[in-house]
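**Student:** Top line first, the protein sequences correspond to chains A and B.
For any residue, its number in my numbering is found by taking its place in the first sequence, counting from 1, and adding 39.
For any residue, its number in my numbering is found by taking its place in the second sequence, counting from 1, and adding 130.
Hint data in this document are derived by calculation from the structure and do not stem from the laboratory.
Please read these numbers as outputs of a predicted model, since none were measured by experiment.
Glycine included, each C-beta is placed from N, C-alpha and C at the ideal position.
Everything hinted at is true.
Derived, one-sided and incomplete: chain B residues facing chain A with beta-carbon distance under 7 Å:
hint	residue
1	His490
2	Asp491
3	His498
4	Gly506
Each chain is listed here by its residues.
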Amino acid sequence: MADLREMYQEAILEHAKSPRNFRALGADSRKAEGFNPLCGDHCTVYVKLKGDVIEDVSFQGSGCAISRASASMMTQTLKGKSSREAENLFENFHRTVTGQNAAQKKPELGKLEVFAGVSEFPARVKCATLPWHTFQAALHGEHEPVTTE
Amino acid sequence: MSTGILLPRRDAARKTAFDVEKVRRDFPILRESIHGRPLVYLDNAATTQKPEAVIEAIAGYYRHDNANIHRGVHLLSQRATREYEQARGRVRKFLNARKTTEIVFVRGATEAINLVAQTYGRTNVGRGDEVLISAMEHHSNIVPWQMLCQEKGAVLRVAPINDAGELLVDELEKLLSPRTKLVAITHLSNALGSIVPVREVVSLAHAKNVPVLVDGAQAAPHLPVDVQDLDCDFYAFSGHKIYGPTGIGVLYGKAEFLEAMPPWQGGGDMISSVTFEKTRYNKLPYKFEAGTPDIAGVIGLGAAIGYVERIGLNAIAEHEDRLLKYATDRVGSIGGVRLIGTAAKKAGVLSFAMEHIHPHDLGSILDHEGVAVRTGHHCAQPVMDRFHLPATVRASFALYNTAAEIDALAEGIEKAKRFLG
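Let's have the full structure, built from the sequences with the hints guiding it.
**Tutor:** Now the structure itself:
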C-alpha cells in the first residue's frame with residue numbers, strides 16, 4: 040500500500056481526524072457553500088476580511104479525509120494572506136493536485152505540498168479542491184452553492 | 131438415512147448446473163488486472179461486464195450484416211432487420227409479454243420512463259392529479275414525474291419505507307386516491323437491494339383503476355420477470371445492467387396503453403405516410419421508434435438475454451442469493467460496519483456505511499486492492515436522506531462473482547480500518 044501513502048500522508052490523516060478552524064464565523068464574515076454531488080460531500084467556508092487581508096477563515100461540513108484535511112490546511116495557510124495571495128495559492132495548489140507542477144516544485148506552497156500525491160488519484164482531485172472553490176466563492180460573495188460537477 | 135446420501139448428490143448436481151469458474155471464462159474483462167491485482171468487480175448495479183457472446187454479436191453485426199433496417203430490398207438490410215426483430219422476440223419471451231408489439235426499444239430504463247411520462251403522463255395527468263412513487267426510487271423514476279407534475283400542476287406523492295428499507299404497502303394503499311393517475315415503482319432498489327412486492331402493489335392500484343409502471347432496471351438481471359403475472363402496465367429495463375451494451379433498453383407496455391398513447395418523437399420509421407398536411411403514424415411498436423435505432427445495441431441485448439437464458443435466471447438468482455448472504459455475514463460482522471438496507475427480501479446489493487471512514491476514502495483504498503465498488507448516493511439522494519447519510523459504499527453482485535471476491539472485499543475493508551483508523 041506504499042502508493043496509497045502518497046495520497047494519505049500522515050499530515051493529511053492527522054488533519055482529517057482533528058481539523059483546524061472547524062467552526063462557523065460571525066455575521067461580519069462572508070460565507071459560501073460547496074457540494075460534491077458525486078460523493079455527497081458538502082462544506083461551508085467562512086471568510087472574515089480586514090481590508091484586503093484575510094483576518095480569519097474557517098469551515099464546517101462533512102466529507103472524506105482528503106476534503107477535510109484540505110479544508111483544514113487551507114484555513115491555516117490562508118490566515119493573514121491578501122486576497123491576491125490567496126488566489127495565487129489556489130492556482131498553485133490546483134496545479135499541484137492535478138499534476139501540472141511535477142517538473143517545477145513550488146516552494147511557496149509550503150505545507151500544502153503534501154497534497155501532491157492526490158494527482159495520482161484523478162477521482163479524488165475534486166475532494167481536495169472543493170474547499171478552495173468554496174473559499175473563492177465566499178471571497179467573491181457568490182450566493183449560488185458551488186458544485187464540483 | 132437416505133437424505134444424508136441425497137443431499138451431497140443434490141449439491142453436486144447444482145454445482146454442475148452453475149459453474150462460476152466456467153461462467154467467468156465467458157467474460158474477457160475479468161482477466162484484467164487493476165493496480166497489479168486481479169479485478170474484483172463489485173459494481174454491477176451500476177453496470178455489468180459483457181460476455182464474449184455479446185461482444186461477438188455486436189462485432190459480428192458490424193462485420194457481416196451492417197445495414198439500415200425496415201427499408202432495404204437488399205440482402206444486408208434484410209439480415210439486419212431479421213436480427214433486430216429476432217431480438218425483440220427474445221425480449222418478449224424474456225418478459226413473457228403477450229405480443230412482440232408490446233416491446234419498444236429505447237436508450238435505457240431512464241428513457242423508457244421519460245417516454246411514458248411524456249406520452250401517457252402528458253395525456254392523462256392534469257391539474258391537481260397525483261403520481262405516486264416510493265421513497266426508494268432512483269432519480270430516473272423521480273425526476274421525470276417531477277417534471278410532469280410541474281408542467282401540469284399535478285402532485286407527486288411518495289409512499290414511505292421502514293428502517294429496513296421495505297416499502298410500507300399499507301401506506302402506499304392509503305395514498306392511492308381518486309386523483310392518482312399512475313403508480314411508478316421500482317422492482318428492486320438500486321441503493322438498498324430491497325425487493326418490492328410489485329404484484330401486490332399492482333393489484334392494490336388496479337383495484338382503484340390506477341395503472342402501474344415498474345422500474346425494472348435492477349430487477350431484470352437478478353429476478354425472473356413475468357409481466358403477465360405481475361400484471362403491470364409498463365415495465366422498463368436497461369440492456370447494460372443485464373450483460374448487454376450501454377445505450378439500449380426496453381419499454382414494455384400493454385398494447386391497449388401503447389395504442390392509446392400519442393407518439394413521443396417524430397421522424398422516420400414511426401410513420402406510415404407523410405404529407406405536409408398530415409402524418410399517419412406507424413403501428414406498434416414502431417410508433418415509438420423514430421429514427422434509425424441502435425441496431426447493434428438491440429442485437430447485443432438479444433445476445434445478452436440469450437446468454438442469461440442459457441444459464442437460467444433461477445440459477446443466477448440462487449447463486450447471487452448465496453453470495454449476498456455470505457457478504458452480509460462477512461462484511462456485516464466487521465466492527466464499525468453499518469448495513470443500510472436490511473429488508474427480509476433482498477437481491478444483489480450490499481450497501482453499508484462505516485464508522486469514522488468516509489465512503490470515498492474506503493472506495494479509493496478498495497480500488498487499490500483491485501476491488502471496484504460504488505461510493506456515493508447511487509442516484510438515490512432521497513434514500514440517503516432517509517437514512518441520514520451523505521453516501522454509502524455499495525457492493526453489488528453478478529453471476530460471475532465468487533465468495534473469494536467477497537473475502538477480498540472484506541479484507542480490503544479491514545485494511546482500510548488499519549490504514550485510516
